[in-house]
Structure formats: structure tokens, C-alpha cells
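In case you want the letters, here they are:
2 protein chains.
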Amino acid sequence: MNNFEFQNPVKIIFGKGEIAKVANEIPSGHKVMVTYGGGSIKRNGVYDQVITALKGFDVVEFGGIEPNPRYETLMKAVEVVKNENVDFLLAVGGGSVIDGSKFISAAVYFEGDPWDMLSRGAKVLKAMPLGVVLTLPATGSEMNGGAVITKDATQEKYPFGSPLMMPRFSVLDPDVMRSLPERQIQNGIIDAFVHVTEQYLTYPVDSPIQDRFAEGILLTLIAEGPKFLADKNNYNTGANFMWAATMALNGLIGAGVPSDWATHMIGHELTALHEIDHARTLAIVLPGVMKHQQESKKEKILQYGERIWGITSGNDEERIDTAIRKTEAFFNQLEVATRLSDYGVPESTIEKIKDRFEKRPYKLGENSSIGAKEVAEILRLRL
Amino acid sequence: MNNFEFQNPVKIIFGKGEIAKVANEIPSGHKVMVTYGGGSIKRNGVYDQVITALKGFDVVEFGGIEPNPRYETLMKAVEVVKNENVDFLLAVGGGSVIDGSKFISAAVYFEGDPWDMLSRGAKVLKAMPLGVVLTLPATGSEMNGGAVITKDATQEKYPFGSPLMMPRFSVLDPDVMRSLPERQIQNGIIDAFVHVTEQYLTYPVDSPIQDRFAEGILLTLIAEGPKFLADKNNYNTGANFMWAATMALNGLIGAGVPSDWATHMIGHELTALHEIDHARTLAIVLPGVMKHQQESKKEKILQYGERIWGITSGNDEERIDTAIRKTEAFFNQLEVATRLSDYGVPESTIEKIKDRFEKRPYKLGENSSIGAKEVAEILRLRL
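Protein sequences appear in the order of chains S and G.
Each step along the first sequence adds one to the number in my numbering, with nothing skipped, and position 314 is 314.
Each step along the second sequence adds one to the number in my numbering, with nothing skipped, and position 18 is 18.
Heads up, some of the hints might be wrong.
No distinction is drawn between identical chains; accordingly, a pair holds when it is met within one copy or between any pair of copies.
Stated by the list, open to error - Subject to a maximum C-alpha distance of 30 Å in a straight line, what follows is the list of computed DSS-like cross-link-like pairs (lysine-lysine):
#1 Lys16 - Lys298
#2 Lys21 - Lys11
#3 Lys76 - Lys373
#4 Lys363 - Lys16
#5 Lys16 - Lys123
#6 Lys126 - Lys31
#7 Lys123 - Lys21
#8 Lys21 - Lys126
#9 Lys151 - Lys359
#10 Lys11 - Lys123
#11 Lys227 - Lys291
#12 Lys31 - Lys55
#13 Lys363 - Lys291
#14 Lys16 - Lys42
Note that these hints are calculated values from the structure, not bench results.
Same shape as in the complex, but just chain S (with noise of 0.2 Å):
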């Protein structure tokens, strides 16, 4: 395996009932700005889970930041953040709002446009103290230091991650999750399997650990989602979904391997672009990632169709197919489209993004071998 460095010291407070916890993880005498979305936490019970545990604290909030979290409405909430003296926030809801907050941490705390941490690279110095009740697993941002923002005026979504915004703490009391819509689950699901595939369907390194903690996670997916999809009110079930998407991002599977990301970085576009889940791009652009890039991730996918899918007969290439097809129908039998044309995306849009390809000095992918024209190919695939 590679070189690696590895720390990650969120803490998990996991299982049904320790929402009242949160009291005894924030320091007193902080203020605490609670950060939530559009609402769903006031009709579920949640937000007066945290109000009640949040008593004696000074609280103040600041709802409404929307799926894919927008600059604009976060440089409000740093107005919010600067004119109230907060300095501890706590995120209520999915991997958007734990996002957006993340970006509000450090934003407050920056000088000059908040933006250029994400469009220049520009470095987290600081950052406010932030905790998680995780509403939603998906992204994994309940354990990492990584955020995604989309700026309006310019459509533009980019990554941006820092140690020193990982959550001090997060809650994760899997009986939240039952009134979620089924739209979201499909996301989640997909989502955290699209985490593990990044970091795993490369180029192999020797490293069986990693290996077999990335495999246990897709096999935990695809085994518990599709449950939890049929029942919310299977606690079991929503645990161990919960739990493996966290895993699937927290750090530890892509210790000492290469990873990939390209569908990440495609997928971010046709979100920026269209308004498609985020989950929903990733199920799109994985398979013609597969299928484009198989010789160079061929070693990878076949112990990936072996040991997730059973895939152990048929020469390579055939394995390769069915294990893309395989993938596929996960995704469809969670019923979520995998074609562009189920979105209405017109080919008219794969221009647009190799243009924006073509204007960025890096190329995607472990092997740094994907650039403008790739991605178009990749986009053609899936037409």
C-alpha cells in the first residue's frame, strides 16, 4: 500500500435515543446557532429533540439552506454568526446542511471573499467549533472535513475540505430517518456507494484491509438498502445503512490507496447545470466512468464482480459488462434512472461541460488521465 497519514477524531454518539446528548458535548456559556434545512426537522420531531436538549444554552437559528448549499444563502448566515456572537454551531439535518455549516465555520473566521477557499484553494486558518445530528446518511460529512458549495451566480459547484472543520461530535440516532422520503434514501444509498467505488474501483496496491473494508461496506448497502427502502421503521436496518455511509467517507478506506473521483467531478457539473441529485449524477456518470476507463481499473473491477456480485465466469471483458450491468440495475431497482435522457439532459450539454473541462489545469481520475475530452466520451456513454 501507499504512504498514508490518518486521523479522524470526530466523535460518534450512535443509537436511538442519545439526541439528549448533545448538552453534555458543547461547552457551556458557548451561544449556538442550530443550522438546519428546509424544515423537515420541525415536522419530524427532531428539532424539539434538540431544542429540549439544547436548554440552557443561548440558541439562536438559522433555517433554509437548500440541497446543494448555496454561497449566497451561507454568507447570510455568517452575517447571522457575526452579529449574534455565536461560536459553537450545530447542524441538523443531511450531508447539505452539515456542508453549508462547515463552509459558515470557516467563513466567518476568513478574510476577504469566503469563495476563494473553494474557486482558488485558498486555506482554512480557522474555523467555529461545529457539531452534527445527522438527519439523513449519505455524504459522510458527519465524519470528515470535507464540503461541497454551489455559488448561484456563477453556477459553479467545487469541493473544498480542512481537518479543522470536522465536527467535534456527531449524533447519529438512526430513528430519525423514518419519515425521509423515499427520494432520499435512493440518494443515500447511492451516494455512500458511489463514496466506496471512488476510493476502490482504481488501480489494486496490495492492500486487503482497505480492500475488504471497502467490499464489506458495498455489501452492507446493497443488502440493508434496498430494506430499509421497503421498511422505515426497520431500526436495524436504518442502523447499519447509516453506519455504513459514514464508513464510506470518514478517511479510513482510502488510507493508503488511490482514488479516483471522477464521478464525483462529472457528476458535480450536471448538478450545476441541471438541478439533478447529486446521487442521481453519480449514478449516471459511474457506469460510463466503468466502461471508459476499464483497462486501466480492469485488475479492480474484477474482484469487485467477484466478490460483491458473485461474477465468476465469462473472460474479462464479459465479467467487466456484467459487473457494470450489475451496478446498473442496483441503482434501478432502488428506481433511480441512470441515462441522461432520463433526466432530459440534451447532448447539447456535454459541450457545455467539456468547455468547462478544457478551461481547468488538472485532469481527473488516479491515473490524472481523464481531461475535457474523456469526460465527453464518458457523458456519450450514458446519452
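The hints should help you fit chain G onto chain S, whose structure is shown.
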């Protein structure tokens, strides 16, 4: 799965050539005590690498920490720390040196007799910061807050732990393992293996992530362990063994599931009375615990048999027996004997150990069902 809390902030720095980085991890101005064991680090070049890396720091040394580190020895180190105003510990060694250094880190600040932390569960309230350069994968001590200490005067051996004793960082450079004696490698493989079984061979709580990760570690140890024993110059194999051993006991696979530890607690008595290597006591005891507890552990032993050893035929009892036989055969393949008689332990020892457990107010095992009588029955299975 069960509710749990998990937090592990240890920074892992993994790979060849990484010992040079220790200086970046210790705040400047600190006075460092380098702790080590019998001096093998002076022969294999590790000592020189560490001292070179610490250039610019004020350094004192404390060598001679023995296998099964002794309270009596460690209290001398505590005196050195106090007299020399040491304020950072750097443990260079395997589990004994790391465990011993954890004891030192807490004993320095303990009011009263530090042995109370082990014999009476007195709480660790403060500990000196500790870094690690690992030379022998086995105990997982490099990424947890636990330690096991022996008191010569009373032939007692107890575990204790605190998050405060977790290393700030651990450097894992597989290159340092080339000169390890076979015996220590054999011990390390078995120690890591049994750390996993203690957290895996219990009763099912519907925890596929924890199960798959545990199985991934076992499969890795089974594949890589004997390969590394056959060729200590195989860097990749050593690296995989090393990372497997760390992952076996850093809290992750035990989060949310029951754990046993009867094999360890019984094994400690064999070490205390007969100085048998810790890992060898585990190889003796584990097959007995599996057999004796085959009813309560049935589902997990069957899963273990199938997923680890490919056992798919026979009735339950036959499959369990085959799983136990395969486990023992693996230890024997590593040239580790698995019977009390192989080590010259007389039957009278069983009564002695029974007496010791009769005086203790708790029973062992995930169901607290193994008392003194059952300990004796287990040991009798291993004559």
C-alpha cells in the same frame, strides 16, 4: 446493533521512511523521554533513526522495559520523568513498551499508589502526551488508550485504560520489521487474530459493518501472516500485517457490538504464573473458550466458519468443531503450540487459577457466564 460512542483521535503516520516525521509531531521546546525495551532498536537502526529525527530536542532515555512490563520497572521511569522534568514521552517498541509508557504517562500525575489504577480501577485524571514509533505489530496499543501491566511482587497482571493515554501520534513504518525474531512475528499475528475474535465471536446483534470489517482483518492475517513469516523482506506483506493488527484493536470493530475477552483474562493468568508469551496463552485458551461456549456463540462461530474457512457442510456441531480445528491448525501453522502440556503447565495450575477467579467479584465473557468453575472447565479442555 447496540448504541455506542466511538472516538479515536490518534494520528497514524504510515509507511517507509516516516520515522523522520516524529519531530513535526512533538511541539518544540518539549523535553522528550525515549522509552524502549531490551535494546534491539539499537541493533536494527531504529534507535538511530529516532535520535536523528529528534535533533534539536532535549532527550533522555529509559530502556529496559520488559515483555509484560513491570510496575516495579516503570515506577523507576516515573522517577526519571520527575527528576528530569520530562514533558513528552516517545515509546519506541512494541506493545509492552507502549503499554509501559502509557502507565508512566498516567502514574506521573497520580496521587497515591499508581497500582490502584489497575487493581482498584482508580481513574486516570491526567496523562503526559505520548508518541509512538511502533516496531512490532501485535497489541494495537499504538492506536488505543489501553495497557496491561504486571506486578512482580504479587504475580498479578491487569489491564487498564483511558482516552487520556491514547498516543498523540503513532509512526508505523513496516520497514522496521525486517529484523524481528520469528517468535515475535508469530505472537503478533496471533495476538491480533484473537483481538478480533474477542469482539466478533460473541452473539449476533445485526451488525454487518462490524462483522465484515472483523472478517476482513482475520482474512488478511491468515493470508499475510504466514507469507511475512516466510519472507520478512516483503514490504507489502509486512505493511498489511501491521495495518491489520492496528485495526484489530482501535475500537472500531468493537463499536456497537458485544465483546468477550475471556480468552485474554484467562491467558493473563497463564502468563502471570508461568511466563508464557501473551499470544501463546491466547492460542491455548481460545479453542477452549470456543468449544465450552459453543451454544451461546453458535451463530457467530458458524458465520466465522463459513466466511473465514469456507465451511459449508455438516451439521452445526460438526461445523463448529471444524471451525475450532481450523483455528488451531492456523496457530500450529505459525509454529505455535496450543496445549497446556506443550508448555509444561501442570494440571495443578488449573486449581490455582480457579482460586484466583473465585476471589473476583465478576464473571467473564459477553454474557458474564464464565466464572471460576467454567474457567477451570475451559482449561481442562486444553491439557
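Each hint tested on the structure:
1. Lys16 - Lys298: between (42 Å within a copy, 28 Å between copies)
2. Lys21 - Lys11: both (12 Å within a copy, 26 Å between copies)
3. Lys76 - Lys373: neither (39 Å within a copy, 68 Å between copies)
4. Lys363 - Lys16: Between copies, since 29 Å is at most 30 Å while 44 Å is not.
5. Lys16 - Lys123: between (37 Å within a copy, 29 Å between copies)
6. Lys126 - Lys31: Both, since 18 Å and 29 Å are each at most 30 Å.
7. Lys123 - Lys21: between (33 Å within a copy, 22 Å between copies)
8. Lys21 - Lys126: So Lys21 and Lys126 pass the 30 Å test inside a copy (26 Å) and across (24 Å) alike.
9. Lys151 - Lys359: within (18 Å within a copy, 68 Å between copies)
10. Lys11 - Lys123: both (24 Å within a copy, 21 Å between copies)
11. Lys227 - Lys291: This pair counts as within: shortest intra-copy Cα distance 29 Å, inter-copy 35 Å.
12. Lys31 - Lys55: Intra 12 Å, inter 44 Å, cutoff 30 Å: intra-copy only.
13. Lys363 - Lys291: Result: close within a single copy only, 18 Å intra versus 57 Å inter.
14. Lys16 - Lys42: within (18 Å within a copy, 52 Å between copies)
Of the numbered hints given earlier, the model fails hint 3 alone.
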